[in-house]
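Please construct the entire structure, taking both the sequences and the accompanying hints into account.
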Amino acid sequence: MLPAGYEFPAAIVLLLTGTLTCFAGYRLFRTVLAIYGFILGALIASSLVASCGVPVPMMSGRGLGHTGGTLDKLEAIPGFRTALSLDEMKAALAHTGCAMLGQTAQIAPADKKLYALRDVTGTVESIPLISASIMSKKIAEGIGALVLDVKTGRGAFMKTDADAHALATWLVGIASKNGVRTEALLTSMDAPLGREVGNANEVVESIETLKGRGPKDLEDLSVRLAARMLVLAGVTADDADAERRVRAALTSGQGVEVFRGIIEEQGGDPKVIDDYSRSEEHTSELQSRGL
Numbered sequence: 001m002l003p004a005g006y007e008f009p010a011a012i013v014l015l016l017t018g019t020l021t022c023f024a025g026y027r028l029f030r031t032v033l034a035i036y037g038f039i040l041g042a043l044i045a046s047s048l049v050a051s052c053g054v055p056v057p058m059m060s061g062r063g064l065g066h067t068g069g070t071l072d073k074l075e076a077i078p079g080f081r082t083a084l085s086l087d088e089m090k091a092a093l094a095h096t097g098c099a100m101l102g103q104t105a106q107i108a109p110a111d112k113k114l115y116a117l118r119d120v121t122g123t124v125e126s127i128p129l130i131s132a133s134i135m136s137k138k139i140a141e142g143i144g145a146l147v148l149d150v151k152t153g154r155g156a157f158m159k160t161d162a163d164a165h166a167l168a169t170w171l172v173g174i175a176s177k178n179g180v181r182t183e184a185l186l187t188s189m190d191a192p193l194g195r196e197v198g199n200a201n202e203v204v205e206s207i208e209t210l211k212g213r214g215p216k217d218l219e220d221l222s223v224r225l226a227a228r229m230l231v232l233a234g235v236t237a238d239d240a241d242a243e244r245r246v247r248a249a250l251t252s253g254q255g256v257e258v259f260r261g262i263i264e265e266q267g268g269d270p271k272v273i274d275d276y277s278r279s280e281e282h283t284s285e286l287q288s289r290g291l
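In the numbering used here, the protein residues as written are 1 to 291.
Don't read these hints as lab results, they were simulated from the structure.
These figures come from a predicted structure and were not determined experimentally.
Mixed in with the good hints there might be a few duds.
Capping the alpha-carbon separation at 25 angstroms, the derived lysine to any residue pairs in SDA-like fashion look like this [stated by the list, open to error]: (1) K216 - G153; (2) K159 - N178; (3) K112 - G267.
This is the structure in structure tokens:
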């Protein structure tokens with residue numbers, strides 16, 4: 001049973017403060033991973049799904065609480081621009097199949113203020129506010145389907161399976177009421193995924209995973225989520241076929257080439273795919289400037 005009041009939550013109030021994006025002719029799909037601690041999976045899965053022909057708009061945030069943010073990771077890539085307009089987002093989707101961007105002044109702008117307030121008011125773990133923040137942006141993006149990776153365990157905001165299930169219920173309920181096909185996977189965060197820590201290091205680990213050389217736990221969960229994205233997007237109705245397609249994109253190098261294209265499209269240095277020292281030098285420069 002859904003919580004009382006979910007039918008008209010704060011998500012819709014935040015949504016109405018901005019623009020509802022329309023992508024006529026696109027078969028759109030979106031995955032939400034970053035806020036639940038699977039930031040690297042967002043980069044990996046989105047690149048793999050885009051390489052399978054499904055456009056993925058990926059609007060993300062910065063760090064909350066003890067987690068780093070997807071935007072912080074992406075900005076470890078020299079020159080990478082996350083501040084895209086809606087027109088630039090649509091152009092990136094048309095050219096590369098994926099756009100990775102931050103909050104805009106056009107999509108649920110009130111959420112940007114609320115997002116920052118949550119970090120300083122002890123409300124990062126509030127289920128209604130998490131739900132409103134995520135779903136206001138997702139609905140405004142104009143997506144048709146959504147996969148949620150809801151983390152549970154010692155390293156997650158939701159420490160118990162019961163809390164994670166409650167959050168998943170809120171998110172799926174809001175999405176379904178607004179015509180977005182949605183499913184939520186509850187996955188463990190009792191131990192870190194992958195091996196790296198730090199923005200530049202984690203971007204490198206994402207690239208290594210897209211090259212088929214990443215940690216098995218990170219690769220397997222990224223592939224699982226990407227496969228479910230293909231099923232919900234209607235590419236295939238079969239889980240095994242979906243996973244086969246995703247793993248083909250991984251082993252062939254299509255996924256990493258899509259990520260290279262995303263970097264170039266958004267003003268970044270695509271050579272970082274082959275020369276990781278470029279990201280490390282950029283991060284050192286930012287740190288020396290206190291950024």
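To see whether the hints hold, each was checked on the structure:
no. : hint        : result
1   : K216 - G153 : holds, 20 angstroms
2   : K159 - N178 : violated, 28 angstroms
3   : K112 - G267 : holds, 23 angstroms
Violation of the numbered hints given earlier is confined to hint 2; every other hint is satisfied by the structure.
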